[in-house]
Amino acid sequence: MSFITVKNLNKTFKVYERKSGLKEAFKSLVKRKVKYVHAVDDISFDIKKGEIVGYIGPNGAGKSTTIKMLCGILKPDSGDITVAGFNPFKDRVKYVKNIGVVFGQKSQLWWDIPVMDSFDLLKDIYKISDEDYKKNLNELIELLQLEKFLHTPVRQLSLGERMRCEICASLLHNPKILFLDEPTIGLDAVSKVRVRKFIKEINRKRKVTIILTSHDMQDIESLTNRLIVIGHGKKLYDGTLSGIKHKFSSTRKLEILYNNLVKVPEELNVAILKKEKNRILLEVDNNQTISNIVKVYSDYCEIKDINVYNKTIDEIIYDLYKEMNL
Amino acid sequence: MRGYISYFKAELKAGLQYKTAAISGLTTQFFWGIIFALVYTSFYRHTSIKDINLSQLMDYVWLNQAFLTLIYIGINDESIIGSIKDGTVAYELLRPYDLYTWWYIKLVAKRYALVMLRCMPILVFAYLLPEPYNLSLPFNVISFLMFLLTMFLGTILVTSINMIVNSLAFFTNENRGISSIIYTIADLLEGSQIPLPLLSGIVLIIAFFTPFRFIEDLPFRLYSGHIDYMTGFNEIGLELIWIIVLLIIGRLILKKALSKVSIQGG
Chain A
2 MSFITVKNLN KTFKVYERKS GLKEAFKSLV KRKVKYVHAV DDISFDIKKG EIVGYIGPNG
62 AGKSTTIKML CGILKPDSGD ITVAGFNPFK DRVKYVKNIG VVFGQKSQLW WDIPVMDSFD
122 LLKDIYKISD EDYKKNLNEL IELLQLEKFL HTPVRQLSLG ERMRCEICAS LLHNPKILFL
182 DEPTIGLDAV SKVRVRKFIK EINRKRKVTI ILTSHDMQDI ESLTNRLIVI GHGKKLYDGT
242 LSGIKHKFSS TRKLEILYNN LVKVPEELNV AILKKEKNRI LLEVDNNQTI SNIVKVYSDY
302 CEIKDINVYN KTIDEIIYDL YKEMNL
Chain B
58 MRGYISYFKA ELKAGLQYKT AAISGLTTQF FWGIIFALVY TSFYRHTSIK DINLSQLMDY
118 VWLNQAFLTL IYIGINDESI IGSIKDGTVA YELLRPYDLY TWWYIKLVAK RYALVMLRCM
178 PILVFAYLLP EPYNLSLPFN VISFLMFLLT MFLGTILVTS INMIVNSLAF FTNENRGISS
238 IIYTIADLLE GSQIPLPLLS GIVLIIAFFT PFRFIEDLPF RLYSGHIDYM TGFNEIGLEL
298 IWIIVLLIIG RLILKKALSK VSIQGG
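Line order of the protein sequences matches chains A and B.
Under the numbering used here, residue 327 is the last one in the first sequence; the count climbs by one each step, no gaps.
Under the numbering used here, residue 323 is the last one in the second sequence; the count climbs by one each step, no gaps.
No lab work stands behind these hints: they were computed from the structure.
Worth double-checking, as some hints may not be accurate.
To be verified - Here are the computed lysine-lysine pairs in the PhoX-like style, where the Cα-Cα straight-line distance is at most 25 Å:
1. B:107 with A:107
2. A:128 with B:142
3. B:142 with A:32
4. B:317 with B:107
5. B:312 with A:15
6. B:313 with A:95
7. A:76 with B:312
8. A:201 with B:163
9. B:66 with A:15
10. B:142 with A:91
11. A:50 with B:66
12. B:107 with A:36
13. B:107 with A:98
14. A:95 with B:317
15. B:317 with A:32
16. A:76 with B:313
17. B:66 with A:98
18. B:312 with A:98
19. B:76 with A:98
20. B:317 with A:91
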């Protein structure tokens, strides 16, 4: 049974355009040129309960717009969204009790008051019982290691600390669905790893369905099995991470370190990416074996070392975007 | 309901943190109070004004300074307009509460926090000043109670005007134009610059038909006994009608805005 259903979703934004320059600025006072941007163009997908789905695409692809419609804060132009039995926009006030949201670039905590006061306030807003709140909060504080700065005003927290607090705040009311919009943006390596570990943990423990957008492919790689890729508002790919690797990664790189190369062997049909003194970097098709290439090279030189590099997920996504003309 | 009360408390607490701002604000208000007191005293010495006597006018001046942050229409919360501009308002919509009420509480809490830090020193100072520059005690107990009630209602009324101005920000993106026009007009018709009893002609007529005079003119004149109870009660009735009308207008504008809101970027 699908938990989140999106069917033929559309959203168009009106954008006012004007050319640069003072003259154009005056012209636009009288008449403005309107451009329509299809931010979301006929997108459909289903998500099961407890899934973690990575929702990715280049900047301006329509990710955030989709997320906002899923959260109920933006009205779709057409199409149906059902989340946990609700129509998010129509039933907004009832619906939002069931979701938790973290927008990496915006804060939901109250700037001026200590973290703990923010949490207490959320308790009252969501009408969480004392018992549930205590249990839940203690667990979250421990998992996210928040004890040290619970009584610091939010404005004095570092970004990493704040993000952990944001995530805690989004989970206090025990939501069924968690939307994470770039949760690791701007975080250092340690904080990133910590946040990822926590997201996994919370998904495993509470069976929270998680929809994650990120430009950090390591987020996607370490957290999700399923990937939805969109570009120009259209869905381009929906499937597993390994599927996308298989589909878009037809080559790998081979680096050979050698002494005394007589000449570059011509009988091999491989592209040379880089050649330096004592080092050569080749791009090898998946239908060619590494051993064959190494064998041929060993006739021409003394091989000191070899390295094989598979494409990173970043490169794969880059190829995918390029292929789709994004 | 519990959520709204907790929010009021939290905002009040947050507002009470800003003590340095309060001290500088106080200095300004002492300064203006003294200037006004001196100007009006010499003004009364050389003219004969029957509309309001000097002692009642001094009450007006000092109450205005003491409670300025509670009733001055220009006290708004930049973070509301800011959140509309930068899209943080999206977060507010993710919460299971009524946004109008929520912002309303924020604004009222801010006014109370500001006034709590400021009013006492000014009141004490003004009571202790020598005659004729001083603030007198209330006219009598009833006029004092009516003063308290109308101060409360005035805060409600002025905040509902702020809410209309804030909700309009959804439509314009740049809302300083609208707000400065409304606030300048309101400032004059409130009696904040020149006490209303000293005004005459067309301005006074306009003031009579707009809601602004309830914000401070009514409570201050009740305090000094310049308005008798019966007129006071009638005025309060009229004020309540204005409050309801303004609340409804504000809510309708916000509702309209939210139905077509588009949150871009990020």
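Broken hints, by number: Hints 1, 2, 4, 8, 9, 11, 12, 13, 19 are the ones this structure does not satisfy, whereas the remaining hints hold.
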